[in-house]
Every structure is written in C-alpha cells, then in structure tokens.
Amino acid sequence: MIRELSALTRRELLRLARNPQAIATSLLLPILYLVLFGQAFNLNSIGAGHVPPGYFLLLYRGAPNYFSYFSAGMAGFVAVTATLFIGANVIFDRLFGVLKRTAASPATATSIFGSRLIAGCLQPIGLAFLVLGLSILLGRSGLSGLDVTASVTAVGAAEIVLAVVMLSAMFASLFLAIGFSIEQPQTYFAVVNAINLPVLLTSAALYPWGTMPAWFQNVASVNPITLAVDVLRENLFLGAAAYYPYDAAVYLLGLFGWAVAMFFIATLLARRALSPRR
Amino acid sequence: MSGLAIEAAGLVKTYKGKVRAVENVSFGVDPGRIFGFLGPNGAGKTTTVAMLTGNLAPTAGQATVDGVDVFRHPELVKRKIGLVFQESTADSDLTGRENLELAAALFGVPRRSTATTIDSLLDRMQIGDAADRLTKTYSGGMRRRLELAVGIIHAPRVLFLDEPTLGLDPQGRAGFWRFVLELRKEHGMTVFVTTHYLDEADTICDRIAIIDHGHLVATGSPSELKDRLGADLVTVRPVTPSPIMEGVLRAVPGVLSVAVQDGSYRVKAPRGEALIPLLVDACARSGIDLASVSLKRPSLDEVFLEFTGREFREDEGMTATDRAVRVGQVQQAFGRGGRR
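As they're listed, the protein sequences go chains A and B. Taking the working numbering, the leading residue of the first sequence gets 1, the next gets one more, and so forth. Taking the working numbering, the leading residue of the second sequence gets 1, the next gets one more, and so forth.
Just to be clear, a hint being listed does not mean it is correct.
[What the hints assert, rightly or not] Ranges of calculated distance between the beta carbons of each label pair, as one might list FRET restraints: (1) B:12 <-> A:187: 28 to 34 Å; (2) A:187 <-> B:14: 24 to 30 Å; (3) B:108 <-> A:222: 41 to 47 Å; (4) A:272 <-> B:182: 39 to 45 Å; (5) B:87 <-> A:6: 26 to 32 Å; (6) A:6 <-> B:31: 30 to 36 Å; (7) B:116 <-> A:190: 47 to 53 Å; (8) B:14 <-> A:272: 19 to 25 Å; (9) A:6 <-> B:221: 44 to 50 Å; (10) B:87 <-> A:184: 16 to 22 Å; (11) A:184 <-> B:116: 41 to 47 Å; (12) B:113 <-> A:28: 42 to 48 Å; (13) A:187 <-> B:31: 43 to 49 Å; (14) A:213 <-> B:108: 57 to 63 Å.
It is worth saying that the hints were derived from the structure and are not from the lab. C-beta: ideal position from N, C-alpha, C; glycine also.
Okay, chain B solo, but in the shape it has when bound:
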C-alpha cells in the first residue's frame, strides 16, 4: 500500500491497435489533495479518467484508487469514487430530486438518510427551488451543480471531475469551484480534475500534471512548475524611442535578458518586483522618460509553452481581457490570489 489516493503506473491506452491516446503515464495523488490534469483537447485527459474510474480497460499499466486495483475490481472502485462528466448526464425527463434519488439508490446511500442528504445537497448547490422541476428546464449552471451533487451524493473518498466547468460563464465557474473547495475542506476528499483552463488549475490545484499527445510532460505544484521557468517578465515602455535604452537596462544587476518588441523592452529577471525600482532609476539617470512599466509573473501558459514547445491550443481564441476577467472572478470567489 503506497498511501496514495490515486496511483497510476505505466498507463497505456491504444485504440483499435493504432491511436495511442495515453503513453506510459505514471503519477500519484496524495489523499485530500486537488490534482489537476491539464492538457488541450485530445491530449488524453478523458481517456485517463475513464481508465482510473473503471470505465475503460487499459492496454497496459496499473492503477489503484483508494488502495483498490482499478482494473481488477472496477465495481469496488465505482463505489468509492464520485465522477462528474464533462457533458451533462442528468436525465432530462426526471426532476433534479428524482435524479438524486436514483443516484442515491445506485450508490447505496442509506435509505433513512437519503431524503435529508438530498435536501441538504439541493440547498447547498442552490437548486433547492428547482428541485421538483424537470432538469430539461435547468440552465447550464444549474445542470453542472446537479451533476456535482450526483457525483458526491455518497460522500466519495475520491472525486473525479472531467472538464467540469466547460461551457460555464466565469461566475458559474467560480461558484462551482467554491463548492469543490468546501467539499475538500469538510470531507478531506481527494479531487482529480481535468481541465484545459490553465488559470483555474493555477488557482485551485495543489499539484498539476501536464499531458500532451498522451505523454506526461511535467508534474509539480503550480509554483514549482512556474519556478522552473526561472524568471519574471518586466515590460518597460519609453515615452520616445531611445537608442541607449537596451544597454541601460542590460546594465542593471539581476537582469537576465532584454528583448525589444513593438517599441517595448521585455526584461527577464528572477525577482521582477524588486527589479522595477532599479530599472526606473537607471532610466531616469540616463534621461529616459518612461510611459509605462508592467510586471508579469510566469503563468501556466508559459509553463505549457516551456514543456511542449508551443502555445496552449485551446486558449488561442481567448483574449487577454477574457483571461484576466476569468482569473479575477475565480480568485475573488476564493478570497485568495493565484499561486506563483
């Protein structure tokens, strides 16, 4: 027994003998942690979840969840875990309450506590008022919250969330993650979440694994992964172009590199916030007036770029403003800043 809540060793999945969806993936998740499994669409995230939850047989490899061998005893694993799919799986011809009653029966929630458990979950997920409406009338956010309620009705030891916030607006996402964090805090539940929203993962997850084309390319805490990049990025923009500015910036102690882009100077340094006063002072002493100075810490986007050699594909269509709004709302909801 490793003591890990989830352990995967050498997982391989090849579809129809050709498409290698997952290649020799190994990792471990400590109990009570939130583990993010990141990667673009088609990277192998959902295939990995399907294997770990006993719904897909692997081509090779081993996995245990809460100490149970997934591939030998998938039926036992299914009792121990909660699973929230990326698509809606609630029965639209049933009410929210009936969906939960069905889940309670299937997951063996004791009969005497079923009604109170359901009432409590409905209230907590803020769908109590709609409990007796058919779920076909629910909004996207309500359906997601119902999916989460179904996934946790039996208070599972390990909760798998497969792209749980896909299609939700920023507020919906923030609300969803707030519920997950509360659950983790109250029940010590281990959470395995796949997402291609890097900012969410940065804010929520204790540890992260990045998968790309079926290969695990990096594992660590968000801050560890970002620290591996080794530098912050300070962007300095002069009021008017100066031929001496690049040399002035390079001469400041601690600067690793300077790159010029569209009239701005992108300065890399290990501790950007400490460097800013030095950069401003050096420019002032050289008679260069500055229009703006900004600091950017490495994000998981840069981490992804570093480990895969390219931009995170799914974020291509997202503007910087969209991303900032989403990060802000998620962080506000949790009352804490994103990790470095």
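Chain A with its partners taken away, still in its complex shape:
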C-alpha cells in the first residue's frame, strides 16, 4: 500500500514538474490580482481623515488595510484555483488509457485517489504561501502590501499551515470527486466553473467583512474559504481575535469537517469509478 501510494504520487509529481506551463499559468492569476486589483482597490484612501479611528479595523476585522485583508483572502483563493486541474487530469488520464492501466493493476482505489490528492495539494499549498510572501514583499517595496502586525507564534504558524493544507485538501477532494464522476473534459470545466465562482463570491476572501450585510455574513461564515482565511487573518493581525466571535481553532475545526466530508465523498466516488465496471 505504502509502496504503491508513493510510486503513484511520484508519477503525479513527475508529470507536474514536466509541465512548467501549468505552474506558470496557475501563478498568473494571483499575481494579476495582487499587482493590479490589490493595488487599485486601496479602500483606505477613500474617506481618509473623515472616518472615526478604528473604522477600518472594524471593516477589515483587525487587518490594518484592505490589501492586508485581501492578500490573506487571495492566499485562500489561489489554494482553490490551483486544485481545479487535478480533476481534469483524471479525465485526461481516462481518455488516454493511463487510468485504465492503473485500475487494471492490483493498486487499490485508495492509493490511486490518495496519490492524486497528495500531489494535488502540494501546488496550491505552495502557491498560497507564495501569495503571502509576495504580498509582504510588495509592501516592503513601497506598494500596497501585506502588513503582518501580529507576532506570529509557533502555534499561529501551525494553524496557518493547517488551514491552507485543509482548504487545499478539501477542494482537491471536491475536484477529484468531479473528475472521477465525469467523462468529458468540457462537462468537467462547465461544472467546475459553476462551482468555483459561486464559492469565491459567497466567501469573505475579497469583500471587506464590515460592508457585507448580515445575511451575507452568515452565508460567508460557513464557506470553507472564509473559514481558512479567518484563521490566517486572526493570526496575522494584532488584536484581530477581538473581531471574530470564535478562536481560530474553531474555524480550523469547521474546515476539518468540510475536508473530511469531501474526502469521504470523493473516496466513495473514486472507488465506484475504479471498481469493476457494471
């Protein structure tokens, strides 16, 4: 089991490393968001000097400015977009016979699914931290950037890593589940697009929390992207915990629930797809 899992994971990683275009493409979107959208959307300049002290802290739940709030959201968002293609890889592997070969081998469905999940999470996790690093560098170069105002503790860092890992795993499972259930690439991309944008738009990744109506806040608070970025924001910004009703651990727990549920659904669908056809 361990041997086949590591061999299949190695295969996924080799394929990823041999397709630098895919990595470059997945970098393009977050860089555009940070360099264009993030720079232009400097909400602090609107009404500067005319709003009471602490207004923006309330608006951004403890983040010192919109970019700082937004860059944490972007880290969560790229973790989602970078997992989009792993389901498509399942479909293309099926079309080109590779999945048929693997399914005809003694490899278990768990190994086949697990290897794709592991390899599929590495890229989004890397991208999420790249977004955070790039955001900090932008701030230090004189542009709008991420100001980490809190002293991040070891526990806080672990919570951040866990949040990104679980968010990546959850969406990787979701897109793998779709990939194992759908045969045509065009159908896959249609379904993924139908999920991707609504998930982003119902999260608190981009919108300032304080501008969202209460009903929207309620919807966004259970969105897995919101749960992950809340963990990041609580740990990155000094005093941010005061703006959140729960400790970061609670959001992590919620995210864990999402990840586990999606993992089980995806495992079931993968098992069904890889078991002898009926």
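Let chain A serve as the given structure and place chain B on it in line with the hints.
Just chain B now, kept in the frame of chain A:
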C-alpha cells in the same frame, strides 16, 4: 480445481439491460498454451477479456484464472495476470523506464530485483536505448513493446493480450509475436490473445475459439478447425477453354466437386497435393494444355466463413498480396510454417 489456467462457464454480459455483448460463452485453456480468441470488431472479444481480468462484472456466469474466482477475488486475479491492452496505456509524460518502475511497484516486484528486471526487459524489448526518453517520442512499435514489458514485469502466470498487434506493420507484428513465443517457452506462461488477424492466430495459437455477435461458434486447434472443412482447393486453368474439361476433372478419383469460375476450374479434394499429378495427367491424356495449377489449403478465413456464414469482416479491405506478405513475415520470424 479443474487444472485449467483459464475457465469460463456461461459468461453473459448485457450492457444497460439491452445490448447483449457476450452470450453464454464457455471454454477452458490449458496451462502453458496460447489460446486465440477470434472475431471481428464488436464480436465480444474485449468484453470477454475485461470480464476475465476482473475489470468488468458479468451479467451471469463464472470464471476462474489460475484457480482463482475472478468475480469473487478480482484483486487476487490482477496480481496473477499480465494484461496488454489494444490501445496504448503507457504514460506519455514518463520515460519508458519510469513507466516500468511504476508498474513494478504496483505489481509488487521485489525492490531488490526491480532495477535488474527493468534493464533486462528494456534490452529484450529492444528499447534500452530509448529507456530514458519520454514515451511520447516512441514509435508505435516501441510503445507496443513497452506495453508488453509492462504486462510481463511481474512474470505473470497468465498473460492476456487484447488485439496486441493492432496498427503495427508486418515487421512489428512479427517481432511482437517472437517475444511472446519466447516468454511462453521460458516461463510456461499461458497466453490468451484476442485478434482479428486470422493468419496470426493460425501461426501462433495452440487453440482457437471463434466468437461472433457474442456467441462462441467454434473451438479447436487451427488444424482441427480447418480439417472440419474437409477439403483443399486446387485451381486448374487451361490455356484455352475446353468443353470437356469439367468432365475430365470430375472423373479423377478423390475429387469431391468442381466449380467453374472466370475460366478456371476450382476442384475440391481432401488431399490436394496428392491430387495435382492425377489432374495434370488426366488433362494431358485428354489433350488439354494447362496454363496453371495452384493449391490452396483451407485457411481460418474459410473456417470463419463456414461457421458464421460470411466473410471475416475486417479482412475485407485487405488484398491477397497484403495477406500473403503478412503471413510470410510472421512465419519467417518464427522459422516455421503455418499449421494446416
């Protein structure tokens, strides 16, 4: 335990409750034999292979491979068998060696012998020089040989080959079958091969089953099946048409029938080669000069025609020359003639 390497009993596969792809198919394959499963496209060959290899659940019936119930323990069967698909399944983003390393890990080849096994297979399949190239750069023949290497990396007891030479040129086919025969000789491996190339089956297989529209219509060795037709065909062509020639030929002892076609006389007889001198002598005595005499033994094409009532569909586009070239090359590669 029947002692058979493969045993199928009453296999039925109906897709979506309507399309009956395989109908009550039963057969057995002795260990160490090459068993050909013949039929045109859509006859049910690949469906049967998919069931026997644990990749497709049957609608009804039972099957064992190397003594293991395929439908109860498909995971066990997958460890015991090798499977070469008709299409290429090698990962084109990996090198030949990496594809084999992956297969070795999945099929549980001992770690300590993996590298030597792979090197030996790469050399044997004559792709050693291209071992570290991505397989997307391989030719069709190289990909087929890599597929075979993947299929046998764990030295399986039973090897399933599903249309393994589809799309290969005659030389590629000959080379592929040479490897298979060597493997059978060295390891005593049982080989189950589906093909719609009848001449290949005639040359390679110990036993043959013919499937058509999901039904098994005949089983036997190639020579048994051809013997069931009961006659060779001698074609005699006179220099000039003769009104008495049909009667002269019919009078020769041993002749079963005479048919006239395009100025030639097609004579059926059980032992054609022994009949030829008698036919030539009879014509000479009647003052008929002959332009040509040829002997044709029954081929599996005729067997197929006999058992299904029609020509083998996939060979329709193949000329007699194509067929002769292919048979010649395959036979040359094995250093033996085709069986009767």
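message: Taking 47 to 53 Å as the stated bounds, is the beta-carbon spacing between residue 116 of chain B and residue 190 of chain A within them?
response: 49 Å, holds
query: That 44 to 50 Å hint for residue 6 of chain A and residue 221 of chain B (C-beta), does it hold up?
result: Once the Cβ atoms are compared, 47 Å apart, the range 44 to 50 Å for residue 221 of chain B and residue 6 of chain A holds.
- prompt: In this structure, is the beta-carbon distance linking residue 184 of chain A and residue 116 of chain B contained in 41 to 47 Å?
  reply: 43 Å, holds
- prompt: So does residue 213 of chain A sit 57 to 63 Å from residue 108 of chain B, Cβ to Cβ?
  reply: 59 Å, holds
task: Given the hint of 39 to 45 Å, check if residue 272 of chain A and residue 182 of chain B actually sit that far apart at their C-beta atoms.
output: 40 Å Cβ-Cβ, so the 39 to 45 Å window holds.
task: Take a look at whether the Cβ-Cβ distance between residue 187 of chain A and residue 31 of chain B falls inside 43 to 49 Å.
output: Holds, at about 46 Å.
message: Against the range 28 to 34 Å, how does the distance between the Cβ atoms of residue 12 of chain B and residue 187 of chain A compare: consistent or not?
response: 32 Å, holds
field: Outcome for the supplied range 19 to 25 Å, where the beta carbon pair is residue 14 of chain B and residue 272 of chain A
entry: 20 Å, holds
- prompt: Is it true that residue 113 of chain B and residue 28 of chain A lie within 42 to 48 Å of each other by Cβ?
  reply: At roughly 46 Å between Cβ atoms, residue 28 of chain A and residue 113 of chain B fall inside 42 to 48 Å, so the hint holds.
message: I want to verify a distance hint. Is the separation of the beta carbons of residue 87 of chain B and residue 6 of chain A within 26 to 32 Å?
response: 27 Å Cβ-Cβ, so the 26 to 32 Å window holds.
task: Starting from the hint 41 to 47 Å, judge whether the C-beta atoms of residue 108 of chain B and residue 222 of chain A obey it.
output: Cβ of residue 108 of chain B to Cβ of residue 222 of chain A: about 45 Å, so the range 41 to 47 Å holds.
query: Is it true that residue 187 of chain A and residue 14 of chain B lie within 24 to 30 Å of each other by Cβ?
result: 27 Å, holds
Going down the numbered hints, you'll see the structure goes against none, and every one checks out.
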